Amino acid sequence: MFGDDDNTYQDNNASCHRAKTLKTFLEERHIGSMSWPANSPDLNPIENMWRKWKKMVHDKVPSCKADQATSIRESWSRIDEEYCHSLRGYENGYGGG
1 MFGDDDNTYQ DNNASCHRAK TLKTFLEERH IGSMSWPANS PDLNPIENMW
51 RKWKKMVHDK VPSCKADQAT SIRESWSRID EEYCHSLRGY ENGYGGG
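Quick note on numbering: the sequence shown equals residues 1 to 97 in full-length UniProt numbering.
These are computed hints drawn from the structure, not numbers from a lab. All figures in this text were calculated on a predicted structure; none of them were measured in a lab. Careful: at least some of the hints might be erroneous.
As the list claims (entries may be wrong) - Only pairs whose alpha carbons sit at most 30 Å apart, straight line, appear in this in silico BS3-like list of lysine-lysine:
hint, residue 1, residue 2
1, 65, 52
2, 65, 54
3, 55, 65
Let the sequences and hints guide you as you build the complete structure.
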């Protein structure tokens, strides 16, 4: 697939996101999968941001579409830079930096 390099497929290991065709594709090409616990947002920092943002949006119940759009924009603007930088700390525990 990519020359002679050894390749490893990385996903969140949730069976609901993995098609049988993908499994067959990987097996036919002898591509291994990374051991990765299902439903592990701590391994993907952006998931923690999305969770926080969705909670902020869902905490307000809009009365119409326009209010919903306003709520989405306002919620996004309330996620401060310090919180975003705190998510980068997760990288250090998994070899990033």
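Does the structure break any of the earlier hints, and which numbers would those be?
Structure breaks no hint.
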